[in-house]
Amino acid sequence: MKIAFPASANKPEALIDERFARCPFFCFYDFGTQQIEFKENMLRNGAGGVGLQVAEFMANNGVDKVLAVEFGPKAKDTLTKLRIGTESITSGKTVQQIIDENRPA
Amino acid sequence: MKIAITSGKGGTGKTTVSTGLFHILSRYLKHHVQLLDCDVEEPDCHIFIRASKTAVYPVNLMIPEIKTDLCTFCGKCKAACAFNAIVMLPPAKFIEVSADMCHGCGACSYVCPENAIVEKPSSIGQITHFDYYAKDEFIEGRLHIGSALQTRVIRETITHARQQGIILFDSPPGTSCPVIATVSKSDYVVMVTEPTPFGLNDLILMVDTVKQLGKKHGITINKAGLDYKPLYEYISQNNIPLLGEIPFRKELAGAYSKGEIVAASGPEIRKVFENITRKLLHETSLNL
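Residue numbers (the numbering used here), protein chains in the order written: chain A, -9 to 95; chain B, 1067 to 1354.
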């Protein structure tokens, strides 16, 4: 199981980003290997259709579930079509907090 | 001669001026005139121009559909799409065009080496022709609810205009793409404003826009009598022709609220509109 969520910077103490598709970084966390990985969101400055392309990016990275404060309707539809789960999280938390909350017991 | 009636700010009186000019030109000055409602997101001229509908034409967008059994997932269509509308996941044999993002440009089916893409018409709006005092004197463009391609419907509406006479475009509000799509096809721009800080702020944006598009232009002030001097100072400092002023009167608002053409609601206001129309004809060198 691998999750991903938007991060405002590429470090665990950074806050999560309020935006989904246009965030600066994505944090990937693999429950199996317990590995945390940050990837810069190279798609964020696209003129349109960014949500769709980010959904594809998630699928290409083998993500099972995406967590975000809010999803655009097109991003959410596409994630669902690509069989990726979506879950809402509250803003104001750090990357580490989100990982700790989602770490399997 | 194509004349666009615009306003930066919404609710300043574009439709009041458009229907007024149309009425005076058609009814009193006996001009060969045609009114096009280009405010396709919210066309409202039909409320005032009670004309008889004669024909309806659909505005279609050709939306591509990718046949996954023929697709080799080469990615050429995705690379060609300027609107990021194609999502592709080869391992899952998933490829799809998002109809919401697609502009119907046809680039994907053009580049597809497998002929795996078929285009199907999808209706995004409609164009309606009406007879008023003359045949096809009024044409309305209307975007279907949920579609975002205003400019496509506007451009197609304008292709329905006559080739001669005076054509009036009732423009959408603002200064963004739908307005550019309307104004760029006109020869002259009538900017409607009001003596308020909002009216002036958005007029300045509109003036910048029409100057960049290189269009001749003039101003009509609606709700005149609201004492806001900076508007008048701006107009005189920039030497923009003032075509006329429509007074701010309760009885005019009353007529408008009942769906009457304001210009036709009384002899005094008709004279005001007649003067504006004559000044406009003078400015556009269409002197009587």
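I should point out that these hints are in silico values taken from the structure, not numbers from a laboratory.
Among the hints, a few may not be true.
With a straight-line Cα cutoff of 20 Å, these simulated DMTMM-like cross-link-like pairs (lysine to aspartate or glutamate) come out [what the hints assert, rightly or not]: (1) A:K71 x B:D1166; (2) B:K1159 x A:E3; (3) A:K66 x B:E1222; (4) A:K71 x B:D1110; (5) A:K64 x B:E1299; (6) A:K64 x B:E1131; (7) A:K66 x B:E1334.
Keep in mind it's a predicted model, so treat the numbers as computed, not measured.
* Asked: Holds or violated: K71 (chain A) with D1110 (chain B), Cα cutoff 20 Å?
  -> Given that 20 Å is the threshold and the Cα spacing comes to 39 Å, the pair is violated.
* Has the given pair, K64 (chain A) with E1299 (chain B), been kept, meaning a C-alpha gap of at most 20 Å? -> violated (48 Å)
* Within a Cα-Cα threshold of 20 Å, do K64 (chain A) and E1131 (chain B) meet the stated pairing? -> At roughly 18 Å apart (the allowed maximum being 20 Å), E1131 (chain B) and K64 (chain A) satisfy the hint.
* Take the C-alpha atoms of K66 (chain A) and E1222 (chain B), compute the straight-line distance between them, and say whether it is at most 20 Å. => violated (33 Å)
* Mind checking the alpha carbons of K71 (chain A) and D1166 (chain B) for me, to see if they're no more than 20 Å apart? => holds (15 Å)
* Asked: Is the hinted pair K66 (chain A) and E1334 (chain B) satisfied, with a Cα-Cα distance of at most 20 Å?
  -> This hinted pair is violated, its Cα atoms lying about 58 Å apart.
* To do: Compare the distance between the alpha carbons of K1159 (chain B) and E3 (chain A) with 20 Å, and conclude whether the hinted pair is satisfied.
  => Measuring from Cα to Cα gives roughly 38 Å; hence the hint is violated.
The structure fails hints 2, 3, 4, 5, 7 (numbered hints given earlier, in ascending order).
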